[in-house]
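**Student:** So the chains spell out like this:
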Amino acid sequence: MRSLWLLLLLVVWACGSEPQQQRPKQAQNLCKYSKLLKIVPTEKGYIVEIQNPEQPKEQFKFQLKQSFERIAALSATHVGMLSAIGQAQRLCAIPDKRYLHDPQIIKAVKRGQVADLKSEQQLSIEKLLAQRTQALVYSGFGPEQTQIKRLRSIGLTCIPNYEWRETHPLARAEWVLLFGVLTGQLDKAQRYFKQVCQNYQRIRTQPTLCNTNPFVISGYVYGDQWVAPAANSFEAKLYADVDFTYYFNESAGTGSCFSSIPSVLTNSAAVVLWLNPGQPTRAALLQQYPKYKYFPFFKKRIFCYTHNTNFYWECAAAHPDWVLSDLSQIRNGHVKKLHFYKELRQ
Amino acid sequence: MNRKGLLLLLLALVLLLSCLLHIHLTEVSSSSAAQANVLWWEFRFPRLMSALLAGAGLSLSGLLMQNLFRNPMAGPYVLGINSGASLTTALLMLGGFPWMLHTIGLVGSSLLGAFLAAAFMFFVSWRVQQTTGLLLVGLMFASFTGSIESVLQSWASPEQVKQFFLWNMGSLQQLSAAQVPWLLTLFTAAVLWSLLLIRSLNAFVLGQDQAFQLGVRTQRVRLSMLAITALLAGSITAYCGPIAFVGLAIPNLGRQLLRTQDHLLLILFCLLFGALFLLACDILSIYLDSYFSLPINVLTSLIGAPYIAYLVLRRS
Numbered sequence: 001m002r003s004l005w006l007l008l009l010l011v012v013w014a015c016g017s018e019p020q021q022q023r024p025k026q027a028q029n030l031c032k033y034s035k036l037l038k039i040v041p042t043e044k045g046y047i048v049e050i051q052n053p054e055q056p057k058e059q060f061k062f063q064l065k066q067s068f069e070r071i072a073a074l075s076a077t078h079v080g081m082l083s084a085i086g087q088a089q090r091l092c093a094i095p096d097k098r099y100l101h102d103p104q105i106i107k108a109v110k111r112g113q114v115a116d117l118k119s120e121q122q123l124s125i126e127k128l129l130a131q132r133t134q135a136l137v138y139s140g141f142g143p144e145q146t147q148i149k150r151l152r153s154i155g156l157t158c159i160p161n162y163e164w165r166e167t168h169p170l171a172r173a174e175w176v177l178l179f180g181v182l183t184g185q186l187d188k189a190q191r192y193f194k195q196v197c198q199n200y201q202r203i204r205t206q207p208t209l210c211n212t213n214p215f216v217i218s219g220y221v222y223g224d225q226w227v228a229p230a231a232n233s234f235e236a237k238l239y240a241d242v243d244f245t246y247y248f249n250e251s252a253g254t255g256s257c258f259s260s261i262p263s264v265l266t267n268s269a270a271v272v273l274w275l276n277p278g279q280p281t282r283a284a285l286l287q288q289y290p291k292y293k294y295f296p297f298f299k300k301r302i303f304c305y306t307h308n309t310n311f312y313w314e315c316a317a318a319h320p321d322w323v324l325s326d327l328s329q330i331r332n333g334h335v336k337k338l339h340f341y342k343e344l345r346q
Numbered sequence: 001m002n003r004k005g006l007l008l009l010l011l012a013l014v015l016l017l018s019c020l021l022h023i024h025l026t027e028v029s030s031s032s033a034a035q036a037n038v039l040w041w042e043f044r045f046p047r048l049m050s051a052l053l054a055g056a057g058l059s060l061s062g063l064l065m066q067n068l069f070r071n072p073m074a075g076p077y078v079l080g081i082n083s084g085a086s087l088t089t090a091l092l093m094l095g096g097f098p099w100m101l102h103t104i105g106l107v108g109s110s111l112l113g114a115f116l117a118a119a120f121m122f123f124v125s126w127r128v129q130q131t132t133g134l135l136l137v138g139l140m141f142a143s144f145t146g147s148i149e150s151v152l153q154s155w156a157s158p159e160q161v162k163q164f165f166l167w168n169m170g171s172l173q174q175l176s177a178a179q180v181p182w183l184l185t186l187f188t189a190a191v192l193w194s195l196l197l198i199r200s201l202n203a204f205v206l207g208q209d210q211a212f213q214l215g216v217r218t219q220r221v222r223l224s225m226l227a228i229t230a231l232l233a234g235s236i237t238a239y240c241g242p243i244a245f246v247g248l249a250i251p252n253l254g255r256q257l258l259r260t261q262d263h264l265l266l267i268l269f270c271l272l273f274g275a276l277f278l279l280a281c282d283i284l285s286i287y288l289d290s291y292f293s294l295p296i297n298v299l300t301s302l303i304g305a306p307y308i309a310y311l312v313l314r315r316s
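Line by line, the protein sequences are chains A and B.
In terms of the working numbering, the first sequence opens at residue 1 and continues consecutively.
In terms of the working numbering, the second sequence opens at residue 1 and continues consecutively.
With the rest of the complex left out, here is chain A (with noise of 0.2 Å):
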């Protein structure tokens, strides 16, 4: 009986002594709209994933240490983002000045300091190495992949951006975050991030002055098809965030949506607004396809990037929240300050 005390005893003191041991934490993705990207931060930098929306077996997957000063972007996009956290000038290359807005990027272009890639699709690595490049964000659109293999293979850090494949405008957005760790100014890309998203939330939460929601359109004439933001792009979720009703909001995909375009024709008696037809001005459309007169949204209230499209590109990927004020001052009819769209005169 004293034997099984002192083994019990021993047991409990076994037990007692113990050391303690941690929990692994769970480690945090920092992002919170994106599907296809995370950036987890660890003691020694930062985890990044980005899912390629089109493999679900495809990730790529890095840790940072360092960040980067000399940077290649394939898209005026990621040259906005840069913008956005002040982080222009380290850009080393970029996709083709001629769709770009930026005055500064430009005349840094224009100096020789900044690289004129021309085409994504004929990468030259000349140029890039010539750059001292470290980093090179593209868009993975699909035929790059063959260049971007041998630009892996000479060690050059090569990061796809799907950001134009995310579902809602405020996940596009976040996209910020990884230039924000890629240039070590991540707390300045949450920062900003930040404050996207308050702006986003307070106007879409804003009451509207009109009680209706306004019957939309969007896109134009493309071949032999009228084609459109799907009704779960992330440009249909503005729209929704707005009030807007959306003439395809039945149609399927993240994408882009087809219709033929007689069905338009027939179908939109009742459209009061036509977004985004691809043209400065009325007579611009006319001329690129005569039959918009028959439209009858034609002679309704008509708003478009396109007065400055380079403009609308580079920045609205990282200002989702002047798109949707843009939007929402076209809803309400009071328009102030428009920061992309423009109303095409009768």
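Check the hints yourself; a few may be wrong.
With a straight-line cut-off of 25 Å between C-alpha atoms, the simulated BS3-like cross-links for lysine-lysine are [to be verified]: (1) Lys-127(A) <-> Lys-149(A); (2) Lys-188(A) <-> Lys-65(A); (3) Lys-293(A) <-> Lys-162(B); (4) Lys-291(A) <-> Lys-342(A); (5) Lys-149(A) <-> Lys-65(A); (6) Lys-162(B) <-> Lys-97(A); (7) Lys-118(A) <-> Lys-162(B); (8) Lys-162(B) <-> Lys-291(A); (9) Lys-4(B) <-> Lys-342(A); (10) Lys-110(A) <-> Lys-97(A); (11) Lys-188(A) <-> Lys-127(A).
In short, the hints are calculated from the structure, not lab data.
Please read all numbers here as calculations on a predicted model, not as lab measurements.
Please build the complex by placing chain B on the supplied structure of chain A, with the hints as guidance.
**Tutor:** Same frame as chain A, but now just chain B:
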């Protein structure tokens, strides 16, 4: 009526039925009579006419080119006539002449390009006697114009590039009701002109030397054939964009089915079957519409290219 006549009659009947099917398929319920009127005159009717005239016109121009160069692989597309039309249109769209981009400017430039390309090929045909050499020059010319278009695109603004890209896709829905009479007039003139040449065309089958000995004014006929081709290819390219393989495939099929070198029959076949082929492609695109969108050019290539490959393999 002989077998060939019956075949042509049957073709005419099938074409008529296809027209009715096309009209039925493009019908969309409209809310008012005015809207139904617009739908018919501005969308459905011009689309139908585009398919008929472009199919028939391109097939006829292909037949003339194949006769002229005595080569079944000749056609407005292969000989660079479409490319000439495309180049002048590119110069207009990408070269900064937007004020000329109204209908007459577009058709004028396209016709000019087609005529210049035809004239160039005519000049080359003086120097290069071998038809294979001529076809090679045509292909080189097409490649050259394509390169110039690429250079122009690299200089042009994104909006101009987009506009040219859309035109270049080829479409049967760009033609408006007001433009139908223009295209119809050019088409009718070209068909009547080619009907006047039937005797010469039949003589050309024997070779141009033989035709000359039979009293055919060969130079004049050669020039007429190139002019008709330019007229057809230029006007169709202006209104519908470049459409591939119709001009190449249909005349060959005609010769294979009819087993004749009588150009009255061949012209009638090309007009009927060319129209039917493009109309069928458009009907197919309407059917596929709910699944995916295919430009008409893609459909004609998908069907036409394997047939041409089959012809080449069969001959070799």
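**Student:** Are the Cα atoms of Lys-149(A) and Lys-65(A) separated by 25 Å or less?
**Tutor:** Since the Cα atoms of Lys-149(A) and Lys-65(A) sit roughly 22 Å apart, the hinted pair holds (cutoff 25 Å).
**Student:** Does Lys-162(B) lie within 25 Å of Lys-118(A) when you go C-alpha to C-alpha?
**Tutor:** holds, 17 Å
**Student:** Within a Cα-Cα threshold of 25 Å, do Lys-110(A) and Lys-97(A) meet the stated pairing?
**Tutor:** holds, 9 Å
**Student:** Hey, Lys-291(A) versus Lys-342(A), does the alpha-carbon distance stay inside 25 Å?
**Tutor:** Roughly 23 Å separates the two Cα atoms, so the pair holds.
**Student:** Taking only the CA atoms, is the gap from Lys-162(B) to Lys-291(A) under or equal to 25 Å?
**Tutor:** Between Lys-162(B) and Lys-291(A) the Cα gap is close to 18 Å, so the pair holds against 25 Å.
**Student:** Given the hinted pair Lys-293(A) and Lys-162(B), is their alpha-carbon gap at most 25 Å?
**Tutor:** Holds, because 20 Å separates the two Cα atoms, which is no more than 25 Å.
**Student:** For Lys-162(B) and Lys-97(A), compute the direct alpha-carbon distance and say whether it is at most 25 Å.
**Tutor:** holds, 17 Å
**Student:** With a cut-off of 25 Å on the C-alpha distance, tell me whether Lys-127(A) and Lys-149(A) pass.
**Tutor:** Given that 25 Å is the threshold and the Cα spacing comes to 17 Å, the pair holds.
**Student:** Does the structure keep Lys-4(B) and Lys-342(A) at a Cα separation of 25 Å or less?
**Tutor:** violated, 63 Å
**Student:** Decide if the proposed pair is consistent with the structure: Lys-188(A) and Lys-127(A), CA atoms, cutoff 25 Å inclusive.
**Tutor:** violated, 30 Å
**Student:** Is the Cα-Cα distance between Lys-188(A) and Lys-65(A) 25 Å or less?
**Tutor:** With Cα atoms ~18 Å apart, Lys-188(A) and Lys-65(A) stay inside 25 Å; holds.
Checked against the numbered hints above, the structure violates hints 9, 11; every other hint is satisfied.
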